[in-house]
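Undergrad: Make the full structure from the sequences, and use the hints.
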Amino acid sequence: MEHFKEGLAAPICLTWELTYACNLACVHCLSSSGRRHPRELTTEECFRVVDELARMQVFYVNIGGGEPMLRRDFFHVLAYAESHDVGVKFSTNGTFLDAAAAHRLADMDYVDVQVSIDGATADVNDLVRGEGSHEAALAAMRHLSEADFGPFKVSIVATRHNIDQLDDFKALSDDLGAQLRITRLRPSGRGVDSWEDLHPTQAQQRRLYHWLLERPDVLTGDSFFHLSALGEPLPGLNLCGAGRVVCLIDPVGDVYACPFVIHDEFRAGNVRDEGGLPGCGPTARCSLRCGSPAIPGRARAAAATTPARAGAWRRSSSWASTSPTRIRSASTARPMRSSQRSQWDPSVRVPMRRVRVDRSAPGRRWIARVRARLCRWRSRDVGPGEPSTNSRPASRNNRHV
Amino acid sequence: MDLDTPYRLDPQVSLRPEEFGALAYHFGNRKLSFLKHPDLLRVLEQLDTEPSLGAAPESAGISPRRWSSFLKALETLGIVGDDSCPYLRPWSPRSHRLRHARWWSTSRRASPRRSA
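Chains as they are written, first to last, in this note's numbering: chain E, 1 to 401; chain Z, 1001 to 1116.
You may find that some hints are simply not true.
[What the hints assert, rightly or not] Here are some, though not all, of the chain E residues that point toward chain Z, as calculated from beta-carbon distances under 8 Å:
hint	residue
1	Leu8
2	Ala9
3	Ile12
4	Ala54
5	Gln57
6	Asp85
7	Tyr110
8	Trp211
[What the hints assert, rightly or not] Computed footprint of chain E on chain Z; a stretch qualifies when at least three of its residues, placed anywhere within it, have a C-beta under 8 Å from a C-beta of chain E:
hint	stretch
9	1006 to 1017
10	1065 to 1071
By construction, these hints were calculated from the structure, which means they are not laboratory data.
C-beta atoms are modelled at their ideal positions from N, C-alpha and C, and glycine is treated no differently.
TA: Dropping the structure here:
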């Protein structure tokens, strides 16, 4: 565990969002996906990223998106990674996972699949993920088990509405010969907007903690380490791995320290830059404020983490010439910029700035559609959950919508 | 484990040198292990040319006082994970030929994910 605090030669667990294109528009999407970015990495560039991963000996890469299977070269990238000894674990909503694709995947050695679903019943699932998504995901899971893929994963995000269905999820995945994986809802991307409605209540989190303790075979990706403060620690690292164990490559090649926060503040560089992926470590200007109460759950989780140091991959050549303190703790962080300060202090005036046009931003009509769904979601009858107790987070992570 | 027979790293195991030692990843069962000393990595790298498992620490230049702890670590590595996915396998020219023949022709079938 001490080794992780010091930083490693390369990330262990690297998330690669292949595309922002998605046929769904889940209200909690971390990457605010929907539309393809016009400048997303070409097939050649993807191959080069895989080459670099192989050179850095990153054993496997978690491919996500968006919906990665929407990329036409998806299977090419998969085959290329496999032939270069980079294992792939990818995450899909299952819409495009038909019988043929399932057989193709089953023929690959180092590929693992997880199918996302957010409700054991269609009504709970479809409110978050869109109509028809429950059926599509179940069909994909059936294809996988019929193709004799082996133990794939069923991935759910714990929300206020599905947390009472945990036993149903377990039964579902056991039936299909799959592994259940539960992760935390994060107030990031579109999750900022839906956080208020979706985040589990404190009582539910306590129940979840005990449920998880009783079932060590349920995978969590270490995402409930904040609950370890309730007593006996949950199995896992119990450590914030941003920039130390994990990192993220987004569809245009930007590298971020944390796989869950695609935000300029945590941007370390771009794989298209001269140094490529290994060069992204030393240029990271991450000021991760571990104790920031603006991110719910983090304040308490900070007790389980120490301020991160050494956010750079040690093997990279220019490492020695840069300052070792890349990720700063709250106490050593620079004072907030006025634009940040203005979020909680109305007396601070933000100077006018020319706004950079973000071409990756989805179109207006598309935004209107998602907003409308959010409105419908908010105005519906409150489900089985209890009313919210936490305050709403600042929306500084909300880049796209 | 037999100290007199040669052992080799499983071809599905990948080693990555780190400051604290090394990371070992088994592509068969997707398990990550930590080798907590750089010398252990040297011993493992040496294994490929060793006539027996017991001789590996000596030829890697480890002082005799520490041999026992290294052999213990190697022994643990041999049984890490389930039995279908050990890190080290006993080696003989015949087993080598057999395994590689199998590896090339039906590597897919040999994957433990399918048998699980």
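Undergrad: Compare the structure with each hint and give your call.
TA: Here is how each hint holds up against the structure:
1. Interface restraint check for leucine 8 of chain E: the shortest CB-CB distance to chain Z comes to about 6 Å, inside 8 Å, so the restraint holds.
2. Checking alanine 9 of chain E against chain Z by beta carbon gives a least distance of about 5 Å; that is within 8 Å, so the hint holds.
3. Taken as an interface hint, isoleucine 12 of chain E checks out: its beta carbon lies about 7 Å from the nearest beta carbon of chain Z, inside 8 Å.
4. Evaluation of the alanine 54 of chain E hint against chain Z yields a violated restraint, the C-beta minimum of about 10 Å exceeding 8 Å.
5. Because the beta carbon of glutamine 57 of chain E sits about 4 Å from the nearest beta carbon in chain Z, less than 8 Å, this interface hint is met.
6. At about 7 Å, the closest approach between the beta carbon of aspartate 85 of chain E and any beta carbon in chain Z falls short of 8 Å, and the interface hint on this residue holds.
7. The interface hint given for tyrosine 110 of chain E holds, since its Cβ lies 6 Å from the closest Cβ of chain Z, which is under the 8 Å cut-off.
8. Against a cut-off of 8 Å between C-beta atoms, the interface hint on tryptophan 211 of chain E is violated, since the closest Cβ of chain Z lies about 25 Å away.
9. Counting residues of the stretch 1006 to 1017 of chain Z whose C-beta lies closer than 8 Å to any C-beta of chain E gives 3; at least three are required, and the coverage claim holds.
10. Counting residues of the stretch 1065 to 1071 of chain Z whose beta carbon lies closer than 8 Å to any beta carbon of chain E gives 0, which falls below the threshold of three, so the coverage claim is violated.
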